[in-house]
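From first to last, the protein sequence lines stand for chains A, B, C and D. With my numbering applied, the first sequence covers 1 to 366. With my numbering applied, the second sequence covers 1 to 366. With my numbering applied, the third sequence covers 1 to 366. With my numbering applied, the fourth sequence covers 1 to 366.
Wrong hints could be hidden among the right ones.
What the hints assert, rightly or not - Distance condition first, Cα-Cα at most 27 Å in a straight line; then the derived DSS-like pairs of lysine-lysine: (1) Lys253(D) x Lys171(D); (2) Lys312(C) x Lys171(C); (3) Lys312(D) x Lys253(C); (4) Lys358(C) x Lys171(D); (5) Lys312(A) x Lys278(D); (6) Lys278(B) x Lys253(C).
Unchecked claim - Where chain C lies over chain D, by a calculated footprint (3+ residues, C-beta under 8 Å): (7) 127 to 136; (8) 149 to 159; (9) 200 to 212; (10) 215 to 225; (11) 329 to 340.
Unchecked claim - Pairwise CB distance ranges, derived in the manner of DEER restraints: (12) Pro64(C) x Asp262(A): 53 to 59 Å; (13) Gly170(A) x Leu271(C): 33 to 39 Å; (14) Arg28(A) x His65(C): 55 to 61 Å; (15) Gly208(B) x Ser166(C): 49 to 55 Å.
Everything labelled a hint here was simulated from the structure, so no lab data went into it. Glycine residues also receive a C-beta, built at the ideal position from the N, C-alpha and C atoms.
There are 4 protein chains.
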Amino acid sequence: MVPPSESIPALTISPFERPGEAPPRPERLVGIGVAGYGYWGPNLVRNFGMTPGARMVAVSDLSPHRLASVKALYPAVKTTPVYADMLADPEIVAIAIATPVSSHYPLAMQALEAGKHVLVEKPLALNGDEAARLVAEAERRDLVLMVDHTFVYHGSVRRIRELIESGQVGKLRYFDSTRVNLGLFQRDVDVLWDLAVHDLSIMDYLIGKSPVAVAATGVAHVPGQPVNIAYLTCFFEDSLIAHINVNWLAPVKIRRTLIGGDRQRIVYDALEPSEKVKVYDSGITLGDGPAGPDGPYDRLVGYRTGDMWAPKVSLGEALSVETQHFVDCVSQNATPLTDGKVGLRVVRILEAATLSLKQGGCPVQL
Amino acid sequence: MVPPSESIPALTISPFERPGEAPPRPERLVGIGVAGYGYWGPNLVRNFGMTPGARMVAVSDLSPHRLASVKALYPAVKTTPVYADMLADPEIVAIAIATPVSSHYPLAMQALEAGKHVLVEKPLALNGDEAARLVAEAERRDLVLMVDHTFVYHGSVRRIRELIESGQVGKLRYFDSTRVNLGLFQRDVDVLWDLAVHDLSIMDYLIGKSPVAVAATGVAHVPGQPVNIAYLTCFFEDSLIAHINVNWLAPVKIRRTLIGGDRQRIVYDALEPSEKVKVYDSGITLGDGPAGPDGPYDRLVGYRTGDMWAPKVSLGEALSVETQHFVDCVSQNATPLTDGKVGLRVVRILEAATLSLKQGGCPVQL
Amino acid sequence: MVPPSESIPALTISPFERPGEAPPRPERLVGIGVAGYGYWGPNLVRNFGMTPGARMVAVSDLSPHRLASVKALYPAVKTTPVYADMLADPEIVAIAIATPVSSHYPLAMQALEAGKHVLVEKPLALNGDEAARLVAEAERRDLVLMVDHTFVYHGSVRRIRELIESGQVGKLRYFDSTRVNLGLFQRDVDVLWDLAVHDLSIMDYLIGKSPVAVAATGVAHVPGQPVNIAYLTCFFEDSLIAHINVNWLAPVKIRRTLIGGDRQRIVYDALEPSEKVKVYDSGITLGDGPAGPDGPYDRLVGYRTGDMWAPKVSLGEALSVETQHFVDCVSQNATPLTDGKVGLRVVRILEAATLSLKQGGCPVQL
Amino acid sequence: MVPPSESIPALTISPFERPGEAPPRPERLVGIGVAGYGYWGPNLVRNFGMTPGARMVAVSDLSPHRLASVKALYPAVKTTPVYADMLADPEIVAIAIATPVSSHYPLAMQALEAGKHVLVEKPLALNGDEAARLVAEAERRDLVLMVDHTFVYHGSVRRIRELIESGQVGKLRYFDSTRVNLGLFQRDVDVLWDLAVHDLSIMDYLIGKSPVAVAATGVAHVPGQPVNIAYLTCFFEDSLIAHINVNWLAPVKIRRTLIGGDRQRIVYDALEPSEKVKVYDSGITLGDGPAGPDGPYDRLVGYRTGDMWAPKVSLGEALSVETQHFVDCVSQNATPLTDGKVGLRVVRILEAATLSLKQGGCPVQL
């Protein structure tokens, strides 16, 4: 088991991080099979193809058209419409699953039962029980089960965690994330399971503890379709509070997270071209304005009372860091940063949120 | 009674809107008394001083220091530490109240009982019963009772209402407002009553109907102090949903409202120097991406599928439009856009939100 | 010869523009050879590989390492360290040259002499005489000679040209472009030939006429190295003026062009995620402020006196539109939008700018 | 004589900087007369009215209407249409001149001859000879002659100077300023004398030495009217270069200055609400990209290779710092930061720029 803090340096092994350096070569290359070549699959195949220590062996997908495009780009990669072919393939050591969420559990379970290490697209499963069974099966067989919480492997998010761990941010007070865009209605999951899962994975990584209760509200504008706008509040044991705002119908794309600590406050904007992480030495000490109906705060708002600092962050592709980490964990039998347990924690929160949503916002204990 | 839609043109009587044009002069100037010269009072005095048809008569405040600063700027304006002096002053026809919220009810009620028209700082009162009594008293005496919902008089908000009334935005689906900044902890009100009241007044003006239920979550980081971060969801009869995010501890100032309709979507950013209102002809018709774990939406996000249009909006000072409207209503015995009933509706929502907050987010019916 | 205005629709043939539509297939595929697989070459190979009507035949480069990476990605593509091999290859109908500028002339001339159609990286050549000889040779042999002015194929730039041609912008008054970033010192060209060439190609496409004189200033901070900061003014027959600001040492990346017409003004910001083109209905009619040392303009600045409009622009990859256009011109024997003559005009301006720079800014007639 | 570096702390005496602190009271208050109550005059009167140690005595203006508005706001201030009345007024110790540029010289000279200290609106005069005569007269009579280079008193500009003086920015390489907006055509000065004068005053303060030559280009779109778009390059003895882009016809307001040093680079954006000054630890060391037509710089552009830091800057009103400084210099007989000599240097550059403009951009030695 490699604790996160120690494994962080290892994660930086990536062509993006250290162009010159040759990564440690395991005895044998890790043969990779990718299930699903729809939206995310091609990114997985491309990155595993570039990952030192890995070898892209095969891709399975139900669509002949998609398999043809695999062949065109990667003549050496086997393609099959039959998932079982990959399970039976001795060259395949690990399987990455990038299929619709409803199929995550059966495909991942079959892979584990076939003795393959598994990387599963987020969310890990459709509910906590399925996720728990996958975790148990992976442990029983001592196989790597990793969930694709991509943002945890972003340089920005990793930098924020370093800032928090250094203590300079101080005691965390709030985590407030907005992830909205003009999206497309999903069929098998709602906007919480589709978008909020990203923020929950970031929150789990940065805060390092689970909420004690969640309250969620939202709406489904198309009858019979999943909820397409939702607001999630997470309550923690102390006065820490987290809030996530997700929306498939926004006119603009927003990817902004505010993280407030006693000493510093952080703004993480994933859409900023270079200054994605901003650290504010701001305080509320300037309270010498005259009293009034609105209080003096309006005299202060918009004025930082301290410096702002935008630390350099790695702009390398997160997925390449992640595929490298997965391959390292498989070849070194280490526990991934985002293992099944992390995936399970996030799914449990989503489950509770779904229940709270049905109750109109009443909090659900975890 | 002047219905809002008709009274809108009247509102544009303002030195900022039509520099050349002389406003209709009533028989006699409306004598104004301002109670409270703290944070907001000076703005009221300055604007009433510039308002055609009005005359600044007196200012009352408990602080001799503040009264001295009134004298220094406006030698002709009477000053007194005794509020009752203004009630007894025959020159004073109307009183503007800019004192702490807890004193709104007693001061406003005394003014009405003294036969004065009243403009009250937002929120109208500390609770619905007080607000209702003020509304009843004003009606009984046929006096103007107006609440200072300043944003309703902003050119941007008025322009958005015109867009919605024109039908081009289509059926409203959501109203999502964020109002955060590095504020100062208030003592007599929490962050909902301090900041969300602005968004609720904008929502009431733009949507034109009240929610059927509200759910609120939040936290008070300083024990014994008011809630300083809060999230409010408003449910309406149809699938319209509204959400308000207010925070006194943010590192940056954000004033952004997303308004979603079936045809168009609007982004209102009060901090944009000139393009405060952006209208997006965006849709979700481009759903031809390949299916996948995240669905094809990521191929679309960030891509507008239509034009964006930023209509010209008046950048004149809202308060000058508002003081003019108040004086017009007093001299023409008209009903203000933001009369006591509007103020009462907003206070009822805040009351319900406070109750929901105590219940950890369980919805409260209105 | 296809005049630009008519050929514009043809240009939109691109998988990005019309995913569903099958492009017109010529009798035979156009065999492509790419010379140089450094920075830009890989983009050419990737796009020609996706271009209907084209077939990637071979890549030449002096570096075995780079040729190996070609093989890895495109096993079917021939590779050779000898440029002459491509000249002799009967399968190759057209050659794209993406080598250092100093080699553009010899390689392009050899290709033309070998009867190949040619696409040359910008700038077309190191000086006007070389460029003119290439143009003459291509005409003599009736071969397509196209210069890679990529920005002309950007949806944004094409949209701006449509706006100008529609007449709504009015008579053009100025073209003011800033293209700065933290670049790397080039060895064979200076910042004008490296960066300003982009703006000059955009200017040539949008304005449609050449300047009568140019004046340039700049500095070389590293002795013996090329000028790394430069400012170029182009004078036209009427009062139209153009200015280009290029800098390799800026701390931030700026890609902004202001285009002023009598009726409307345009801001083109290539770094804006979606609203790359903004059209302002602004005027200077609001001149009713009091006279003073700075005049009343400060009362107006920052206030748009009209609407702003951001038309939808295609966000497809410009290079794919361009490679398609090249292949179409080769197979239909048409004249490219950015043919040798255009490349020559731009090189002539750069030549004059270089001379003016040596004179400390004195204008040079064209 | 107080050298700038020492006088900087003194400048921070301002109600905005140190609310609690009482400023040093001179024996007698400095009586102030303001000539011209058009655009800028009201700001001067308001600030002198708030300046400890000063007393607003009188305002002169040719317009009775404007004098009436003075009386309305400041009943205690004398008003007169006759400038000579202020010259003869023994209560007036210093005169601030905010009239059209063409009258700066005669009015300032008369004031000096009457023994009054003088603050003159920028630019100091219409040409260098006039400016020189004013400087000589002030020296002969040992009177304070200060030019209103407001930006020098902005917290942002003062902070940038501190950064440069600290050495952390390193040797300065370039100063590149853009100051454009939708302005109003001036009658008595062109865009260089109207807008570039601001940038030249900032440049003079930050760089601390004068250019050896200047080259300017521009255009007058309205026949017979002043140049309304201009581009100015300043050459210095070493390889330092400065460039200023001014435009009265821009659709948007831009106020951005890039300052490049060997160690750090600064972006000063006067329109940023809070982060007006950004310091980049960026370098060009990352030159390991593959060679190519455009070179590898495109791989780096947009990527900061170091941290960015936005120091806290005072957001107090610059004019209040400036009026305080003027009053301090008068009462302490000190030399202002922006004395006549500074004003003269700036006017000399503008003179040379005007000459270069007439020559189509040929450089003019200073």
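Status of the hints after comparison with the structure:
Using a Cα cut-off of 27 Å, the hinted pair Lys253(D) and Lys171(D) is violated, with the two alpha carbons roughly 30 Å apart. Between Lys312(C) and Lys171(C) the alpha-carbon distance is near 23 Å, which keeps this suggested pair within the 27 Å criterion. Under the criterion of a C-alpha separation no larger than 27 Å, the hint pairing Lys312(D) with Lys253(C) is consistent with the structure, at around 23 Å. Taking the CA atoms of Lys358(C) and Lys171(D), the gap is near 24 Å; set against the 27 Å cutoff, the hint holds.
Straight-line distance between C-alpha atoms of Lys312(A) and Lys278(D) comes to about 14 Å, which keeps the hinted pair within the 27 Å bound. At roughly 26 Å between alpha-carbon atoms, Lys278(B) and Lys253(C) fall within 27 Å of each other, so this suggested pair holds. Using a Cβ-Cβ cut-off of 8 Å, 0 residues of the segment 127 to 136 of chain D lie near chain C, which falls short of the minimum of three, so the contact claim is violated. Figure legend: the segment 149 to 159 of chain D, annotated as covered by chain C; annotation inconsistent (0 residues with Cβ-Cβ distances under 8 Å, at least 3 required).
Counting residues of the segment 200 to 212 of chain D whose beta carbon lies closer than 8 Å to any beta carbon of chain C gives 0, which falls below the threshold of three, so the coverage claim is violated. Closer than 8 Å: that is the beta-carbon criterion, and the segment 215 to 225 of chain D has 6 residues meeting it against chain C, so the requirement of 3 holds. Figure legend: the segment 329 to 340 of chain D, annotated as covered by chain C; annotation inconsistent (0 residues with Cβ-Cβ distances under 8 Å, at least 3 required). Take Pro64(C) and Asp262(A): their Cβ atoms lie about 58 Å apart, and the range 53 to 59 Å holds.
Checking the proposed 33 to 39 Å range against Gly170(A) and Leu271(C) shows it holds: the Cβ atoms sit about 35 Å from each other. A C-beta distance of roughly 26 Å is found between Arg28(A) and His65(C), which places it outside the suggested range of 55 to 61 Å. The hint said 49 to 55 Å for the Cβ distance between Gly208(B) and Ser166(C), and at roughly 39 Å that hint is violated.
The structure shown violates the earlier hints numbered 1, 7, 8, 9, 11, 14 and 15.
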